[in-house]
Each structure stands twice: as C-alpha cells, then as structure tokens.
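> Residues per chain are reported as follows:
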Amino acid sequence: MYLYSQFDEDFVRNRVAQFRGQVAKRLDGSLIEDEFKPLRLMNGLYLQLHAYMLRVAIPYGSLDSAKMRQLAMIADRWDKGYGHFTTRQNIQFNWPKLNDVPDILDALADVGMHAIQTSGNTIRNVTADHFAGAADDEIEDPRLVAELLRQWSTDHPEFQSLPRKFKIAVTGSPNDRAVVKAHDIGLRMIRNESGEPGFEVIVGGGLGRSPFIGKTMREFLPKADLLPYLEAILHIYNLHGRRDNKYKARIKILLHEEGLAIIREQVEAAFARIRPQFQTPSDELVADIARYFRKPDLPPRGTGSFEGLIAANPAFRSFTETNVANHTNPDYGIVTISLKPIGGTPGDATSDQMRVVADVAQRYGHDEIRVSHEQNLILPHVAKADIPAVYAALREAGLATANVGLISDIIACPGMDYCALATARSIPIAQEISTRFDELKLENDIGPLKIKISGCINACGHHHVGHIGILGLDRAGVENYQITLGGDGTETMSLGERAGPGFSAEDLIPALERLINTYLDLRQSRDETFLQTYRRLGTGPFKAALYPQTTEQEAA
Amino acid sequence: MTRKANHQVVTANHLLEGDAVWFTARQDWSRDIADAAVASHEEAAQALLNAASKQQDKVVGPYLAAAAIDANGNAAPAHFREAFRTRGPSNYFHGKQAAGA
Numbered sequence: 001m002y003l004y005s006q007f008d009e010d011f012v013r014n015r016v017a018q019f020r021g022q023v024a025k026r027l028d029g030s031l032i033e034d035e036f037k038p039l040r041l042m043n044g045l046y047l048q049l050h051a052y053m054l055r056v057a058i059p060y061g062s063l064d065s066a067k068m069r070q071l072a073m074i075a076d077r078w079d080k081g082y083g084h085f086t087t088r089q090n091i092q093f094n095w096p097k098l099n100d101v102p103d104i105l106d107a108l109a110d111v112g113m114h115a116i117q118t119s120g121n122t123i124r125n126v127t128a129d130h131f132a133g134a135a136d137d138e139i140e141d142p143r144l145v146a147e148l149l150r151q152w153s154t155d156h157p158e159f160q161s162l163p164r165k166f167k168i169a170v171t172g173s174p175n176d177r178a179v180v181k182a183h184d185i186g187l188r189m190i191r192n193e194s195g196e197p198g199f200e201v202i203v204g205g206g207l208g209r210s211p212f213i214g215k216t217m218r219e220f221l222p223k224a225d226l227l228p229y230l231e232a233i234l235h236i237y238n239l240h241g242r243r244d245n246k247y248k249a250r251i252k253i254l255l256h257e258e259g260l261a262i263i264r265e266q267v268e269a270a271f272a273r274i275r276p277q278f279q280t281p282s283d284e285l286v287a288d289i290a291r292y293f294r295k296p297d298l299p300p301r302g303t304g305s306f307e308g309l310i311a312a313n314p315a316f317r318s319f320t321e322t323n324v325a326n327h328t329n330p331d332y333g334i335v336t337i338s339l340k341p342i343g344g345t346p347g348d349a350t351s352d353q354m355r356v357v358a359d360v361a362q363r364y365g366h367d368e369i370r371v372s373h374e375q376n377l378i379l380p381h382v383a384k385a386d387i388p389a390v391y392a393a394l395r396e397a398g399l400a401t402a403n404v405g406l407i408s409d410i411i412a413c414p415g416m417d418y419c420a421l422a423t424a425r426s427i428p429i430a431q432e433i434s435t436r437f438d439e440l441k442l443e444n445d446i447g448p449l450k451i452k453i454s455g456c457i458n459a460c461g462h463h464h465v466g467h468i469g470i471l472g473l474d475r476a477g478v479e480n481y482q483i484t485l486g487g488d489g490t491e492t493m494s495l496g497e498r499a500g501p502g503f504s505a506e507d508l509i510p511a512l513e514r515l516i517n518t519y520l521d522l523r524q525s526r527d528e529t530f531l532q533t534y535r536r537l538g539t540g541p542f543k544a545a546l547y548p549q550t551t552e553q554e555a556a
Numbered sequence: 001m002t003r004k005a006n007h008q009v010v011t012a013n014h015l016l017e018g019d020a021v022w023f024t025a026r027q028d029w030s031r032d033i034a035d036a037a038v039a040s041h042e043e044a045a046q047a048l049l050n051a052a053s054k055q056q057d058k059v060v061g062p063y064l065a066a067a068a069i070d071a072n073g074n075a076a077p078a079h080f081r082e083a084f085r086t087r088g089p090s091n092y093f094h095g096k097q098a099a100g101a
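Chains X and W supply the protein sequences, listed in that same order. First residue of the first sequence: 1, per the working numbering; consecutive thereafter. First residue of the second sequence: 1, per the working numbering; consecutive thereafter.
Excised from the complex, chain X in its bound form (with noise of 0.2 Å):
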C-alpha cells in the first residue's frame, strides 16, 4: 500500500483546508453557486435528486483494513451507513450535507484518503487491474506504473482544465480486466522481441453516447518514456480537442474527427519535444514507489482443510468456484467478495460489512484489499487454508454471494434513484433480475454472463460492453430499457449491437427471460457461454426471442 509522503501529505492537508474556506464562503453567500460549483467538483462534490454525493477517490482501488474501516466510520458519521463502490474503482457516500464536507476530508487526509480529481475536466482517478500484483497472468504489477501516473496528474498545471474529463487504466496482464479499450487512454503491457515489458498505448476508447473502442497509437512504447508520452498525448489533446460542445470533447471525437495517423503524427513531433527536457523520475523515487508494491511474503501454507471442504460443502464449493480466482502462488487464491447480493443494491456496502471486509483482509488476507471496476472487492492475497474462515465471516455478514461473473453480478450505475443526469432507475432493475433468476435458479446453469446497466446514455454503466446491456431512457415519460447484445469489455472488445425497441420496466424482465432460454437451448454445450453462442449465430435467433410478434408478422 502507496503511503503519503510529506509533499502528499501537504497537499491533501492544504486542500482541505482551501474548500473549508470555500464553503464557509459559499454558505455566508460571498460566493455564489456558479463560483462555487467549480469549486466544489475539484474536490469530488456533486449534488444529486436528493442530495450532495462526494466521490472518494480510491486510487487504482487500492484499500487497506485502516482506509476501509475510517470509510466505514465517514458512513456512520455523517453519511447514512453505507457506501456505493463505483465502476471507477471509487467509493460514493451518498448523503453528506455541505457543511459536514470538510471535516469528511479531513478524516479521509488522516488516513492518506482524498477526493481531488474525482470530477471535473482532470486526469481522472487511474484506474487497474484489481488483481494487480496476484494474477497468475500478470507480466508485473501495473499498480506501480497507476501510483507514478497518479502522481504525474495530480494537480498537474497543464491538465486541470481540459476540453473534458480524461480516464486512464493499467493492466499488467495479456487478459484485460480494467476494460482499457474503453478509456481514454488505456496501458496494456506486453513483452518486445527482447523480452522487455513495455506499454501498448491505446488511445480513444470510451463509452458514453458516441462509445468507441480504443486504437492503438504505439504498439510498444518502453517503460522510461511512459510518462512523456503520455504528456504529449495530453499535450495535444488539451491542444485540439474540442471546448465548443461538451458532447464532442473526449478524446475519441477528436481521434475519429482527425483519423489515427494524423493525431500520431502530432503526438510523436510533441513527444520527441518533450522527450529530452522531461524530468523522468529517478531510478531512485520509482525505487522508493515500487517498494510500497513489494509482494507480500507468501510462506508455503499448503491448502489445510480447502479441498476436503470444496468437497463436502456444496455451497463452499460454489463459493470457490466463481469467487476464487488462481494466486501465483498456489498455496494461495485470490478471493472476490461479491457486492451483488440477491436482490441487493450493485456495490453497495454496510459500513458493518466494510468492517468484516477490514478484518477479514487485516487478519487472511495481508492486509490488502481492492475495488472492482465490476464493483465487488477482492482480497488478493489469501492462503486456500484460511479461505474457509474467510468465507464463514463473510457469510455471516451477508458478503458469501457465489456469483461472481454470473448473471447477478450486474454492474448498474446509480441511475435516476441518486444521479441528476440519469433518465430511468438501473438499480431496481438489477434488483428483479438478479432476484428473478435467482427464484429459477437457473444462474449456474446459465453460466458466464455480463449484464450491464446504464441509467442514461453517458454509459456509466457500461452497457456498451455487457453481453447483455440495459440502457434505461425517458420514452414520453416512462422509464424505457433498451437492450444490446454481443458487447465485451475485455482484450476481445466490442461494443453490443441495439436489438431492437425498447421495453417498459415490466416487460423487461420477460424479454430477458425469453433471450435466456434461447440461448440455453441453441448452445452447443454447456461450455459454450452466452457471449460465443452470441458470436458463432449472430443477432437473428435472439431478436427473434426478444420480439416474438414482430418476427411473426414478418414471417407472415
């Protein structure tokens, strides 16, 4: 776990201290909301339908048992015990009152925690893999190059107002759980001909109303010119992109308006500017920074009672199957504590569950613990012969959901139940169907499924990219959910095609049902998931599903 220097430790300190006078102004009335507002987003505060939001940021979602339980202890205090994990691996408290603000900053700042450039037309919080520095797949540890870029942005002069918000993901491993095509700027690493790791450098990915999935602008680029590269690219963007409409900002506008090879070009003349003048950090201050990314000590542990248990407790062993990924080491295991319950709310928690979370990660889990871009946490580092403890106290505290990237394991945006951008609710709709398939009980049958919920077109819910994806809209004053198929977030990306008109709430969850059940009957197997029978038949037999009478009257 990254620990604040001095210098961070400043910063954070005397950016509470700034927003404290700021709102003391605002609520004396020297300033006025249209100066305020500015204010306030720099430092991760929104007001929502029924009330402010702050957004914290948890860098590359990263927590330790101290950082979760003060979350815990912020939602107690002044929020109402509870806390909404984001797809940006983030943590959004839901109801503080302004003047409660600050002081929530300072507790964050106690425990190295803050709220900077969560909004606003930043560098966004650096998002990464979650099973950074455990994945039996993992070239190295991508979270030492997010801390390096966390620094880099933070309060970066040339960045803090650009044509629009800018989002970029790590991954050290081929197979991509940080969604990188989909960012602005997404960091893939792989290995040249010489074995070197090195950055491919994706650019213009990204959801949203216009999504797009990211092009490559160098396929190798080596790990000591990451950080001027990247500045060029910001350079350049900051440069052209687009500040007349707010719609066509991001940097895949400006990608898709000007072509790859003409943005490269520019990119490369910049970077070869900045290249010999870039104050690339010493061998020493990554040296300082990797260190807090050592791997903890794994002593061989063997498996203990693991396997005896996966065999007589069916439940465990549905517990390990979907929520136990493979660890390097395979004494160990990496375990994901799902925030989906059954009927749940998608990535909430108690600040009573943030606490298990603490403890458990505190005493199996050497004290790691981590956010999911689908929401969930994980305890990367966890010994097979402490998982069956591990699992007893999380399913004491509700947090034993087997269900890890099956189809309750939804990712759904606040939607129009918290956000003021949203056209329709996504979590109530998250809620029916991971409690109507759960009353089938037909989730293991179904195997491996994504389904994505967005409450509006801005895409937070990644609809795009879930083999089924749920986009809730305003159709003449109903709430109405469009339905894509096909899409992907991983190294295979592609976005999901629209199937069709959109449905009421209540026809929703038929339609869903009725596209299920095709795909149980044309699989070829039980190994074939929903996304490759998707793939090898094409939309037509699950349009057909989803419209019954329009493919009749076609027919006819």
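These are computed hints drawn from the structure, not numbers from a lab. Don't take each hint at face value.
Claimed, not checked - With a straight-line Cα cutoff of 25 Å, these simulated DSS-like cross-link-like pairs (lysine-lysine) come out:
#1 X:Lys80 <-> W:Lys58
#2 X:Lys80 <-> W:Lys96
#3 W:Lys96 <-> X:Lys97
#4 X:Lys25 <-> W:Lys58
#5 X:Lys441 <-> W:Lys54
#6 X:Lys441 <-> W:Lys96
#7 X:Lys167 <-> X:Lys80
#8 X:Lys223 <-> W:Lys96
#9 X:Lys37 <-> X:Lys223
#10 X:Lys25 <-> W:Lys54
Based on these hints, arrange chain W on the given structure of chain X.
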C-alpha cells in the same frame, strides 16, 4: 376550446442538505411539493423563477418543472423524475419518504 393549462412550479436543492425543495407563494422554500406556488402560464412561471433565483443563498439550481394539480388543488409532480424527487431512492427507505414516516 381552452388550452390545456401549463402548470409549472419552481424547484431546487437546499444549499445545506441538498434535499429537493419547492418555491412557495410566500417566497420561501418548502420540502413538500404540495406547498409549491403554481404558475399556469409562461409569464407567471418566469416571474416565479426570477423571484426564486434571487435566493441563491438558500438553494442551488432553481428550475421550472412541469406540475400537475392533485385532487386537493395542490401541486403534484407531472413527470416520474420529479415524483422521485418528492420521495427519495427506491432501493432504500431514505430521503423524503423516511422523513414523513
């Protein structure tokens, strides 16, 4: 033939709590939409918004929202978004619905 009345109310978020509030005929703010002053034509609506907009020390982002009139003759939400603002989220019993309980 009379044109269908175009009822509108002014609503905003409370500066301190961020809670939804409505502008009343007494030129102050209520947490209950039933207390809202209703404008029935565009000119009255603009006048209401202008008056409300002078109170930015109390609220954030005042805007005009279409309204209906309920059986008691009070303002009521006309759109589902505005209806949610009178209640709170649907996943937890929080917000206005809880305050009324």
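> Please write out, lowest number first, the hints stated earlier that are contradicted by the structure.
5, 6, 7, 8, 9
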